[in-house]
Amino acid sequence: MSGPWVEKYRPQKLEDIVGQRQIVARLEKYVGEGSMPNLMFTGPAGVGKTTTALALAKTILGEYWRNNFKELNASDARGIDTVRNEIKSFCRLKPVGAPFRIIFLDEVDNMTKDAQHALRREMEMYTKTASFILSCNYSSKIIDPIQSRCAIFRFAPIKGEEIKNRLKFICENEGFEADDKGLESIVYFAEGDMRKAVNVLQAASVEGEAITEDSVYEVVSKAKPQDIGKMINSALMGDFMGARNILRETMVLQGTSGEDMVTQIYQDVSKRVLDGKMEASIYMDLIEAIAECDYRIREGSNPRIQLEALLTQFL
Amino acid sequence: MLWTDKYRPQNLSQVVGNKKEIKIITDWVNAWKNNDPQIPLLLVGPPGIGKTTLALIIAKEFSEYVELNASDKRSQDVIKSTIGESSSSRSLFGDEYKLIIMDEVDGIHGTNDRGGVRAIGEIIKTSKHPMILIANDFYSKRLQSIKPKCTVIKMKKSRWNSISALLRKIAKAEGVEVEPAALKEIATKSQGDVRSAINTLQALSDKDGVLTASDVENIVTKDSRSDIFNAITGVLKSKTPAHVKEAMWIEEDPTLVMEYIAENIPREYKKADEIKKAYDYISKADINFGRTNRSRHYGYWKYASDFMGIGVSISKHETYKKFTKIQTPTIFGLMGRNRGKRNLRDKITEKMFEKMHVSSGEAVSMFPYLEIMFQDDELAWEISEFLGFFDEQDEKDTEKLIKVFRKKKIPKKVITKMEKRKAQMHVEERDRRAEELKNQMMNIIPEAEETSSDNDLPFEIPGVEPAEEVIEEELLEEEPVEEEIKEEEKVEKKEKTTQTTLFSF
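Residue numbers (my numbering), protein chains in the order written: chain A, 1100 to 1414; chain B, 19 to 523.
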């Protein structure tokens, strides 16, 4: 009776956090202090930004952490006004039973620039009573004034060995057999993303009694959007409109993000060349285009447009 | 005060140009006045030539008028509730006619004003009152069903010399000195738009100096802004940079223009290398929009505009000699049709944010794995329970949420079984905690009593603290059982009467 393992096995204390030793060591120094600078955690998904923020808040705020901690989803559709109002009403009150209050804002890079500028004011106004922890995937998408108000911590992808050990620990706890190969293949797919690793593990546990290489592959191929291959085929055959329609449907219906799409496209194309279904020279051209697209998605304003442009490179 | 308002014509004879059209309108008004109902008038023509002014002048001929324009939300209901009632019935007191003015009919928004056009059609059919409809674009799709039911009056642009004459009158009345050449310059630059001509005159006039032609020349006055369809056609059909740039000079959200161009590239361009090249320019335009958003420096827009305008236009080898219908981006339709699905998704990501601290993007990337996990009946129930799917008011909503991850419902048998198991676990957990707490209390008490005999201040007893800490910790670990623990606490208090003072603060 546990629900998702990613939540069940989320480390609750700073010392339990996997990877990120140096960051944690640094953060531990803030414990017991009367104040804490505003922090910004940047790094890819699933490397422990939120976990660290929660653990830090619990450690610093102690037993009354729930009363003095607020978590906000900055990219929430409810808009910046709601976020600001919530920040305001939260910061206005004095901390109770704790040195100060902590606000954790997730996905700040998805906030509009205007919203970020508004946030910057809020950060200035309540320095005495509250500290901010911001989290984002790309600090480049955060306006400079906010960056300059924060101590920035870069979270690196978690090392394979560390992920593997954690997975082993979970398996033992849940009473699942897992062979080494199976765990290693999870580590390979996870690419340093602990959340993904644990999700694959739990999904694979549904498939059978033991976690093997096969059951992992089964999960990974099932979890992949089915239409990516179809889309690439259409584009390769010169049917741009067809490919574009699949792309739009996938993104709108399944809500797949632009970054996920690029990764999926990359994996699909890679598999083609590994299976000998695509010439190496064509592959290299495509990789160049995919790499450029990946970069442009971060630079541009509309990931879908960039992906449509990528599809034209397959024609 | 705006001169356009100050010098707005007050009667038909003051209106500039369009004499023939005005005659038709006068006849129409007179017919109504003689109790001879007429079909509605549809005034069509470019902006700033006096359509609304005409309607307002006509309104004076009637006892009352109702007006709606594009800034109103014009869904079917709104139109029916504001006009519909009054349109089909006439006042009980006297038989005076009410004039109905519908401005900017072609601006009715496709999705926001759902059914708006149909509602207008119905009102036209049932109306017992005079009605004037106003629109800019004669060829607008939204006018198609309305046109046959109306007397269409195409209003022409005013000629530069009549505009110039009007400007001279205004200048005189305002006491500003303007060179005749300057008046001509303003009049021609306005391209028949009287309103913009008057606005320009007001903007440039200086009480103390003479307005010269060169003053006017140096200022960009009215640009002939084309609509989005002209812009797209310009980009796709032309290869001349000057042409394209002019076509791109429109008052629209540039990212919307980009969507339109992108949508129509593969519809117009047929060769792969053309599409590739054109789309690469679109991609570059998007990058510049990204830079604009990031830096809030709108100077990047001009590059974006050139990339998606001139860049796309020169991506073709030759201009295609065929007619391509400019399409609205399919992505809008797709998003509209799937609003329900997306709302459901948002609801789930919100629940996941609350329970699992994941952002919406991360939540969505977990969906495929959840789908696999949901294949297992028991795990499906567990996760649904964990995410609070069962907290929905309506059971149907819960089912909808579960359906996002699995087609079949969770079998009733499994649900009852899991609910039982959960209740069982609850009881066990509570008993375990109670037991634990009791043991701890027992350990402390002898110690506490010992010290209290030494010291007369019970609240300073150090030995009590661990017990309190335990309680708090457990309170925090699991919220749902919070109340039960408190109950336990009370029980403990009653049992250990000697300890009450310690708990009372």
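Read the hints as simulated data drawn from the structure, not as lab findings.
It is possible that part of the hints are untrue.
Calculated cross-link-like contacts (lysine-lysine; reagent style BS3-like; alpha-carbon spacing at most 25 Å) [claimed, not checked]:
| # | chain 1 | residue 1 | chain 2 | residue 2 |
| --- | --- | --- | --- | --- |
| 1 | B | Lys359 | A | Lys1321 |
| 2 | B | Lys373 | A | Lys1112 |
| 3 | B | Lys302 | A | Lys1240 |
| 4 | B | Lys369 | A | Lys1107 |
Outcome of the hint check:
no.: 1; hint: B:Lys359 x A:Lys1321; result: holds, 21 Å
no.: 2; hint: B:Lys373 x A:Lys1112; result: holds, 18 Å
no.: 3; hint: B:Lys302 x A:Lys1240; result: holds, 18 Å
no.: 4; hint: B:Lys369 x A:Lys1107; result: holds, 16 Å
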